[in-house]
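Heads up: the sequence lines are chains W and Y, in that order. With full-length UniProt numbering, the residue at position 77 of the first sequence is 77, and numbering never jumps. With full-length UniProt numbering, the residue at position 408 of the second sequence is 408, and numbering never jumps.
The hints are simulated quantities; they were obtained by calculation from the structure and are not laboratory data. Just so it is clear, CB atoms sit at the ideal spot from N, CA and C, and this is done for glycine as well.
Some chain Y residues close to chain W (C-beta under 7 Å, calculated; not the full set):
hint, residue
1, E445
2, D446
3, Q447
4, F449
5, Y450
6, M452
7, R454
8, G455
9, L456
10, M464
11, G468
12, F469
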Amino acid sequence: MSTLEIKDLYASVETKEGRKQILKGANLVVNSNETHAIMGPNGSGKSTLAYTLAGHPKYIVDSGQALLDGKDLLTMTPDERARTGLFLAMQYPVEVPGVSMTNFLRTSKTEVDGKAPALRQWSKELNSAMKRLRMDAKFASRSVNEGFSGGEKKRAEVLQLELLKPKFAVLDETDSGLDVDALRIVSEGVNRAKENTGLGLLLITHYTRILKYIKPDVVHVFAGGKFVKTGGPELADELEATGYDQYLPEGANSESALA
Amino acid sequence: MVDQLTPDAASDMEMSQYVTDRTRVNEDKIKRDDEIIEQFGEYGYGWHDSDAAGEAAKKGIDEDVVRAISADKGEPQWMLDFRLKGYRAFLDQPMPDWGVDLSEFHAEDFKYYVKPLNKQAATWEDLPDDIRTTYDRLGIPEAEKKRLVSGVAAQYESEVIYNSIRSDLKEQGVIFVDTDTAVREYPELVKKYFATVIPADDNKFAALNTAAWSGGSFVYVPKGVHVDIPLQAYFRINTPNMGQFERTLIIADEGSYVHYVEGCTAPIYATDSLHAANVEIVVEKHARVRYTTVQNWSTNVYNLVTQRAYVREGGTMEWIDGNIGSKATMKYPSCILAEPYAKAETMSLGFAGEGQYQDTGAKMIHLAPHTSSTIVSKSISRMGGRAAYRGLVKVIKGAKGSSSSVVCDALLVDEYSRSDTYPHVDVREDDVSMAHEATVSKVSEDQLFYLMSRGLEEKEAMGMIVRGFVEPISRELPMEYALELNRLVELQMEGSVG
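Just chain W, with the same shape it has in the complex (with noise of 0.2 Å):
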């Protein structure tokens, strides 16, 4: 049983017009086999929630901690926080050209688990996981995300959850721009290595349809930087009848606050 604990957080990026603070007190207990859902509006903080956690280096941490079973993530380097259990399904996973998928995640396997998998093993683990993915087997051969469909890049990340095994993983929009039978494999995969590894899960998301596969135990709304209303699965249809709205700054709406 594992705990992520994100305390007091405060960041920023730099932007053209300066450094500009976007968390402005996130407060977070996230546990071992539980999903929590983070819904906000457009420009709330909820990516650069992710990739601080995750250590990109665009987004500078001004206070607080991000302790993952009471070590400091925000004190390491990107690869250090893979290999303690952390795990980031990008929005927008980059390409990689000349690199095979296959390298790729092998490579990958051997950094964060600290040895190089048993071939056998790892090649039957690795089809097998493709083949729930709908991949091709020809997938594995072609470079990181090249030339990746939208669905195609979700599955890939999904899949390097799957083979990865972390502790906690924060998947960023993972559902955005999947049809409808692309959300149910990506979903299922989710809660596959949900059900292997018992890991815990922070969602963001805008919408609520990706709630009806990967069912959550716990809904936040993000909102100016910080989480400002947490309740139950019950918040998210609430949330989907309303809106935003309630939870923005006067005069402001979801599409340009905080952009």
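Given the coordinates of chain W, assemble chain Y onto it according to the supplied hints.
Then chain Y, alone, in the frame of chain W:
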């Protein structure tokens, strides 16, 4: 050609092997690599042997030196005349005022003829101890023993000191000897083809090679014979201020196939050496030749090389040109597509580290209908290194239905390195298909972050991105060379992060 660019299982195996090497499975190997890195800094081949022959050799070139080289080799008059013609052309032609910086280049600084042995060795054991140790360290006898190669030529200074070919190929009529031996033993063949592709006065350095040439390979593959495993040549400079001028001539007769692979290394010295080779290739009808270079000279070597192929009907020429080392390289492997349906491809990689200037590229001359050419050029610059693609695609009037595609990708690893592209296109025919694409990219923060977020350390992530960038070239190399290239790239990348 196109399907060779898509990933396949074989290359994946090579890269997988490499990944296995680099990951923690094989600690010994990494430790050994690290020791080598520590021992030689960034260059792993910088040792030198004892050097009586080099010390005795004089510097500079004049007509007497040219005559002395020819006399020492006991050459026929026609070859001496040819050398003298080359020497005059060298004097007549100005230094190039384009490309790499040659302001410090002085022809009188180099030794033109260094003969380490009186006689070619019949076995590796016949070589002097330290020379043999050098080749052992380079892994050449090992490759021969494991039959990773069909034949081996080892040139040391001016001479090929060891040359062998598999007996079954010899029985099929394949000739693989040093070019000096060829002049003596196969005079008709040599006379028929020598300098038909690169004339004596082709350019200043080709002319200098013509005057001072020594060693190199002569390859003849008879009609229809396929040499299934590569012929391997290894060029080593040992003495300071060496000028190495090998002259290679490859003739692939109708319907034959051969792959010739050359590697080059030299010790690190404070003064400069010169490598000015001429490589001529004749691809007869429907024959195919692949010529692969993994050039890793130390960073005190000028590498000024002329390589050209003459391709007849339905023939295929492929240059795979990896330039990792040297102080300054000017090299533009060329193909003359002389008859219909001739095909050519050049894939070149330039790696310009600190103080290096790689001016490389390709030339494709379309002289007949339905000829096609492909150029893929990749360069990486770091630590202020400079890489340039310089290319020419020429299609004459009447070369109908011809096509050419040029792709240049440059990768900059830091803010102060440089990459240039000089693509020249001269098309005099309307019925052609031409494509040109050029990109310059930087290793992005997002790429690094993505790989690091999957557990890779920064250095490893950088290495993976760079290896991925060169993959279209490294996958074309024989496996040992692909691994070697990756290791070299990795060594070159040392210290680029952080």
